[in-house]
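Chains A and B, in that order, give the protein sequences. Numbering-wise, the first sequence is residues 1 to 78 according to this note's numbering. Numbering-wise, the second sequence is residues 1001 to 1330 according to this note's numbering.
No lab work stands behind these hints, which were simulated from the structure alone. Fair warning: there could be bad hints in the mix.
[Stated by the list, open to error] To give an idea of the chain B side of the interface with chain A (calculated C-beta under 8 Å), a few residues:
#, residue
1, Leu1249
2, Lys1250
3, Asn1253
4, Pro1256
5, Lys1266
6, Lys1319
Glycine included, C-beta positions come from ideal geometry on N, C-alpha and C.
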Amino acid sequence: MILPNKYIAVQDCIFTSSAMILNLIKDKSLTTDKLWGTCDKKYNQNEQVLSYDKFIISLTFMYSCAMIKIDEKGEISK
Amino acid sequence: MGKNKYIQAIFNYLDGLSGYDFQKAIMTILKILYKHLGKDFEEVSSDGGDSGNDGWIKKDNIFFAMYSPKNFKSSYKNELLQKFKSDITNLCKNVYEEKKWGGFINEFIFMANLRKDTYPSDPLLDYDNHVKELEKKYSVNIKYQRVSSKYLWEIFNKIDDESLYSYIVNILNIGEQVDTLALKSSDLVRIIELIAENKSDNDEVDLSESLNDFKVISAQEKIKLNDLNFKEKRVLRIIANLNIVEEALKVINNNPTLSSAFEGFKNYIVNLYKNNKNVLHGNELYEFILSEATGYVSHKDSKILKDYIEYYIVEIFEKCDIFEKVGNNK
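Could you build all of it, start to finish, from the sequences and the hints given here?
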């Protein structure tokens, strides 16, 4: 489910949810909890677009690709 | 509430009919409904030309005329008016001049198959004016209604007997449409949840299958190419309702566990096809895949399960991951 295919729409794949999360991090350093709160507020207003499970997998994906860093305080940044 | 799925299937069926097929279906439905209400509805043969009466309720002297345009070109609004005028004129002539059908009209109901449309506006009161002319000519009052097939709701509302609707659906031979309408996307998600619950990590599911081909052809072409003609009607009907699979996939793809279970199930079906396509063919191969895939999921009600699984199979068929397609040499 990383990339879109015939069964996974662009908006449903990890690649896209990673971009959505990255867009909220900007230049900030946020804890996982704080980042999830921001994502949940921004994207899950009317319907659930980003589930918590998908959020965690997206973070794992972004960390694996060196798109994000986690410092000793546990804060996530670009 | 159980009757609604039958009623929806009846309206879907009527929307797709035109000409005499529409008239025949409405007559069948009215005959059954009025019999249930203790009234005798008689169909009138059109052998002797258009009498303006396609059927009538003998007890109440209510007359019905039907019209279903073959195609909705821009002139259909005028055709509708002309057909109305011709029908009510012929009916009045038959009733008031030739003294047929009891010699009086209690009500005239002109029913047109407008599909999803409504009656065109009548700012010049053409319908009313024509009826007034006839009223003047015969010195009578004529009550009339111009309605769409949705008029049937008036009768459906009076009858709650679900078995009667089931009977109508069987007479019209549209039972399969009711089956497909009864399915919900949440139940399709549940099927994948069952797979996710019952399959352990050690189960051998080939997840390496990658989608390297995005070529898609029309379902009709594929049905023809793969000799699935026996299944054509059902497959096309399911394709028309595939939006419930799309809705289910939205939920499934938001949950990594379910997404992985669906991926495994999809690959299982693709492998079933690949491993058996040289031994089986056409309808036989389709039935084999359906039966094997149903066995893949544990559920106590295998009949219902089979319907759901078939939706997933048709989704994969429609996305062209199983069965041959034009230009594919495999």
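Against the structure, the hints come out as follows:
Because the smallest distance between the Cβ of Leu1249 of chain B and any Cβ of chain A comes to about 6 Å, under 8 Å, the interface hint for this residue holds. For Lys1250 of chain B, the suggested interface contact is upheld, since its CB lies about 7 Å from the closest CB of chain A, less than 8 Å. Because the closest C-beta pair between Asn1253 of chain B and chain A is about 4 Å apart, less than 8 Å, the hint holds. The beta carbon of Pro1256 of chain B is positioned within 8 Å of a beta carbon in chain A (closest approach about 5 Å), and the interface hint is therefore held.
At about 7 Å, the closest approach between the beta carbon of Lys1266 of chain B and any beta carbon in chain A falls short of 8 Å, and the interface hint on this residue holds. Checking Lys1319 of chain B against chain A: minimum C-beta separation of about 4 Å stays under 8 Å; hint holds.
Consistency note: the structure conflicts with none of the earlier hints.
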